[in-house]
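Participant: Residue strings, one per chain:
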Amino acid sequence: MSKKSILRAIRQNQPQGPPLPDLPSFASDAPEPLAAFQAMVAAMGGQVAHAADFPDLGALVSAYFPGETSVASTVPGFPGNIPMQDIASPAELETVGLALIPAQWGVAENGAVWVSEKDSLFRVLPFIAQHLIVVLAKDRIVSNMHEAYQRVQIDETGFGVFIAGPSKTADIEQALVIGAQGARSFTVVLE
Amino acid sequence: MKHAQKATRFIADEPRTDWHDQALWFVRQKRDLAVHSVPEWESLRELASQIKLHTLANLAEYLEAFEAKAQANGVQVHWAANAEEHNRIVYGILQNAGVRKLVKSKSILTEECGLNDFLEANGIEVTDTDLGERIIQLRDEPPSHIVLPAIHLKKEEVGELFHQKLNTEKGATDPKYLTEAARHHLRERFLQADAALTGVNFAIAETGGVVVCTNEGNADMGVHLAPLQIHCMGLEKIIPRQADLGVFTRLLARSATGQPVTMFTSHCHRPKPGGAMHIVIVDNGRSEHLGRPDFRNALKCIRCGACMNTCPIYRRSGGHSYDVAVPGPIGSILSPGIDLKKHSDLPFASTLCGSCSDVCPVKIDIHEQLYKWRQIAAGEGHLPVVKKWGMALAGQVLSSPQAYNLAGKLARRALKILPRFMLYNPLNDWGKSRELPIAPAGSFKEWYRKNKMHEPE
Ligand code: SF4
Numbered sequence: 001m002s003k004k005s006i007l008r009a010i011r012q013n014q015p016q017g018p019p020l021p022d023l024p025s026f027a028s029d030a031p032e033p034l035a036a037f038q039a040m041v042a043a044m045g046g047q048v049a050h051a052a053d054f055p056d057l058g059a060l061v062s063a064y065f066p067g068e069t070s071v072a073s074t075v076p077g078f079p080g081n082i083p084m085q086d087i088a089s090p091a092e093l094e095t096v097g098l099a100l101i102p103a104q105w106g107v108a109e110n111g112a113v114w115v116s117e118k119d120s121l122f123r124v125l126p127f128i129a130q131h132l133i134v135v136l137a138k139d140r141i142v143s144n145m146h147e148a149y150q151r152v153q154i155d156e157t158g159f160g161v162f163i164a165g166p167s168k169t170a171d172i173e174q175a176l177v178i179g180a181q182g183a184r185s186f187t188v189v190l191e
Numbered sequence: 001m002k003h004a005q006k007a008t009r010f011i012a013d014e015p016r017t018d019w020h021d022q023a024l025w026f027v028r029q030k031r032d033l034a035v036h037s038v039p040e041w042e043s044l045r046e047l048a049s050q051i052k053l054h055t056l057a058n059l060a061e062y063l064e065a066f067e068a069k070a071q072a073n074g075v076q077v078h079w080a081a082n083a084e085e086h087n088r089i090v091y092g093i094l095q096n097a098g099v100r101k102l103v104k105s106k107s108i109l110t111e112e113c114g115l116n117d118f119l120e121a122n123g124i125e126v127t128d129t130d131l132g133e134r135i136i137q138l139r140d141e142p143p144s145h146i147v148l149p150a151i152h153l154k155k156e157e158v159g160e161l162f163h164q165k166l167n168t169e170k171g172a173t174d175p176k177y178l179t180e181a182a183r184h185h186l187r188e189r190f191l192q193a194d195a196a197l198t199g200v201n202f203a204i205a206e207t208g209g210v211v212v213c214t215n216e217g218n219a220d221m222g223v224h225l226a227p228l229q230i231h232c233m234g235l236e237k238i239i240p241r242q243a244d245l246g247v248f249t250r251l252l253a254r255s256a257t258g259q260p261v262t263m264f265t266s267h268c269h270r271p272k273p274g275g276a277m278h279i280v281i282v283d284n285g286r287s288e289h290l291g292r293p294d295f296r297n298a299l300k301c302i303r304c305g306a307c308m309n310t311c312p313i314y315r316r317s318g319g320h321s322y323d324v325a326v327p328g329p330i331g332s333i334l335s336p337g338i339d340l341k342k343h344s345d346l347p348f349a350s351t352l353c354g355s356c357s358d359v360c361p362v363k364i365d366i367h368e369q370l371y372k373w374r375q376i377a378a379g380e381g382h383l384p385v386v387k388k389w390g391m392a393l394a395g396q397v398l399s400s401p402q403a404y405n406l407a408g409k410l411a412r413r414a415l416k417i418l419p420r421f422m423l424y425n426p427l428n429d430w431g432k433s434r435e436l437p438i439a440p441a442g443s444f445k446e447w448y449r450k451n452k453m454h455e456p457e
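Chains as they are written, first to last, in the working numbering: chain C, 1 to 191; chain U, 1 to 457.
Do not take every clue at face value.
Claimed, not checked - Capping the alpha-carbon separation at 27 Å, the derived lysine-lysine pairs in BS3-like fashion look like this:
#, chain 1, residue 1, chain 2, residue 2
1, U, K372, U, K341
2, U, K300, C, K3
3, U, K6, U, K372
4, U, K2, U, K341
5, U, K165, U, K155
6, C, K4, U, K69
7, U, K372, U, K2
8, C, K4, U, K300
9, C, K3, U, K69
10, U, K69, U, K300
11, U, K69, C, K118
Note that these hints are calculated values from the structure, not bench results.
Just chain U, with the same shape it has in the complex (with noise of 0.2 Å):
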């Protein structure tokens, strides 16, 4: 199903959809306070975004010696070409260990990769430990936002959730007392586990090892406790130098909720003492990607999700009505690349109004991408057929001026005796919850040529 009939399901229920896009909003006003109190904020973009460039220019060089110096501090790295050698990678790691039972921090990349399902069904009970995580994983279904999982659900419905799977009261709804009661269930499952694998937000060449930012702390319970972890990146998750963690640790908390910094941002670079480490690197569409000259950079992503945040359709339409791992804008010039005839309307499902690219910390030029795919999703022919023909007959109309003042004026006829069926119908997308203006007399040529002669000179 497309963006436009999910999104058209979840706006049948307006308060609902209000106050989604009140929540998110709320999120965006934080991060500008945060934001507005940091005066080398747009130094910091900068720094960022030369940094990524930088970085994406020399990958494979940065990936080879993050690799050497990850294998000297005692870590064993693999690579995965895409998602099912990853899942395979992964799933080859646990059996080897003999792992039952697997806790995960909060991970996209695993999310992108389906790798919950694959292990699974091999026989693997994977716990996810983020609170937001564990939500949605118990309501099987998809986070609906990359830093916020939960986000479109309401206490009320958490609350019957846990009373199901957790025993928690029945009506209980306060949000301390859930989060108590995941509490106990996670600590338990923690104290379980035979491995962890989390994430990664940052992976330094110079030193070898990743970072890992949360504001629960549910990586390092997992990852410290079990014998066995895994850390899954994206291989544009690379950054040079120790140093670099200085503007992206300061700008990622920030964008993303608003906060100075994330509660933990822990540093894994040794195996435990008597533990093992595994760092799985993965391709799955990104080196492809870096070949495409007006969308690579969006490989500079660092996943904080402000763009989402400030979206005015993603805040309207919902996380699971773009159907990918990573929804809103960033996802919709991200999911082109991987898969352009499936994801050809997610550039569509935007205002290209550049909010996105305002509040984005590392300056990727979202809406312009957003504009670039859209030549493209019509170039090869993946319009809608009602938009492509309504756009073809507007290339010809407007490239002619004849062609213009005469559909001008059709027009203006039309609007007054065409019946309202021409545009409200099932056909025309563009007329739902939309009024046509009242049509002027004449065109404004026509208005200007008859005014301009009573104008004194």
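Excised from the complex, chain C in its bound form (with noise of 0.2 Å):
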């Protein structure tokens, strides 16, 4: 192993540096969370869905995505339609078409949301099905990034991230195009 041949180099030719900084969390010039988290969301390819139009999250999906007969759901209450405790592997959910996830905090300067393992149950959901929503609490929005990792902690699961909206590429002469590896839609529910 180099470890030790590698770390002596590097103190050998470490040059002084200037202390660690104190981060501000530029939060105060913001504009409105919810309005911009919303508009931030629409902007990056995703959309916005209000629980309160509907009488329950059953009558929203299926208005969202009426006759889909795949979905997996971790939100509490809601069970979908596959049986997560019978998963063993996570290559089965490779059929799953619709994954509904709560997310634990929303950023409004990109839209982007917070989802650890502990929400998704497996690491790999929010990626392999065909279509996501997440389920995010109106008052768990902050303004920026700071603020974000202000309250997420990021160890506290082995894994955790932010989504931004769907998958999407630009590889082929720089064109847009929505699906690239992973859910061709991202639908943020606001409750």
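Starting from two chains that each stand alone, build the complex the way the hints lay out.
Facilitator: See the structure below:
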């Protein structure tokens, strides 16, 4: 193992440097978070749905994804139709058409939501599903990433992710295509 | 072959050069729009620079803290002094787990180390899963850009490639259709893979985890499906705290593509239930670079690619003409540190306009370093012969007023009477696509002396 020699070389060559700066949160001049968040989700290629417009989550799902027969849900009180406790390996989720997952925080400056392993049960679920719905409480929206990283504890679970929209690519002649390797659509349900 | 020669080939196709130039300029403009919507942008750049400078000054300590934390998280940490050791370590991990099929997400480091060739020679099937990376892998060529690996290709070329390799319809060029075909092809590979390997955008000393940023979600598809996950990082990827991510995630995507953030910012800290997680920390010349006072702060780089998108030389010569894993301005100040003799021409592949330094989110003085590398390249005798003689002569002439005046007179005569062959010959690159000015009747000095006398007091 080269650990020792690498660290020795680094110590020999390490320069003097400034102290670690304190980080401001730059939040004061941010616009009103809820409205900005909704606008950003749309700008990033996702959509916002309001739980209040429907009698329950089931009605919302049927309205947005009529006829969807393969629904995996980790949202408490909404079981979907794929029994999550029976899934033995993540690859079995390959057939999921729609995943519903609770999100912990939303970020107004970029429309991203924080989802951890605790929320999705399987790390791959938000990526492997053809379509993704996250359910977010309206009062859990912060203005920017500084505030988000103040709220989230990134090592609370083994995996956590900021998701800012559907999977996308522009690798062929810079043409934007939605639905590269991950979910083809992204819906944030605000409740 | 030198950059200038490769660039000559690239620009031989003029419409294509223009197209390439504009495609990158378009990305630069998107970056500008995104940046201007953040009032605290300059403060963020300064903070990012300070965090990185602080980290470089305490790098050994942060790396040790990172390792200890990662190990406590159940992650196995490896150290590689160079590319060869990195490749051996990765292969060893795969061999131990009996891996035959590996999926990879974008990693410039593994490109730098030549990992794919090494693994394939050892019987491992390697699939790059970022769409752009997959395209160039199928074409058997290196990426031409660190963020946009296939930016040099037209959709017709991708269409033909996919027709041959993925059975898409002949003549189909619609990016949506081609992306869909790749999606199906790659899903299969994800599901079959025994292991997944990614690069690392940030490694957090405080928490012992790594952050990987993608737009396609390909890193996550790979890492969360395969039982074994490996993350390879250059040792300069360390940042001290979770909170520092707030600064860097705000800068990275805006600088790279003009997005407010990448679609997926994934934080991996522990192996998945029943799985294994490895992190390989790679030196490969970085610790040595840290010892070069004029150049060490290039290690602040977060690989956003903004300096490439803005560079007038990169845009018009293409990434492949640099012949290194990291092309463009940042590559031209990193590569001479790795092999000065081989890459001595790269610091000259610049106009020194300084646009790279202006857009750099971590405030690297790129164009100043380019200038300094030029001096070192010249000092160590790595200039091409013609440039060397020319420079030596110019040095003598410019340091003596008499010689300068005489040279001016001679040049004005020469411009009138010398055959064009003197300049436009194969020895002189400068003469290519440049025309000489019409010689003025006298020097500025002569003109000034004459006209000054007629001036009313
Ligand atoms: S040198 Fe600066 S602009 Fe260039 S890739 Fe690195 S961080 Fe981006």
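Participant: Please go over all the hints and tell whether each is borne out by the structure.
Facilitator: Going through the hints against the structure:
1. U/K372 - U/K341: With Cα atoms ~15 Å apart, U/K372 and U/K341 stay inside 27 Å; holds.
2. U/K300 - C/K3: Roughly 22 Å between the alpha carbons, so the hint for U/K300 and C/K3 holds.
3. U/K6 - U/K372: Holds: U/K6 and U/K372 sit about 24 Å apart, inside 27 Å.
4. U/K2 - U/K341: Between U/K2 and U/K341 the Cα gap is close to 11 Å, so the pair holds against 27 Å.
5. U/K165 - U/K155: Satisfied, since the Cα-Cα distance of roughly 15 Å is no more than 27 Å.
6. C/K4 - U/K69: holds (18 Å)
7. U/K372 - U/K2: The hint holds at about 20 Å.
8. C/K4 - U/K300: Holds, because 23 Å separates the two Cα atoms, which is no more than 27 Å.
9. C/K3 - U/K69: Cα-Cα ~16 Å, so holds.
10. U/K69 - U/K300: holds (23 Å)
11. U/K69 - C/K118: At roughly 21 Å apart (the allowed maximum being 27 Å), C/K118 and U/K69 satisfy the hint.
In this structure, none of the earlier numbered hints is contradicted; all agree with it.
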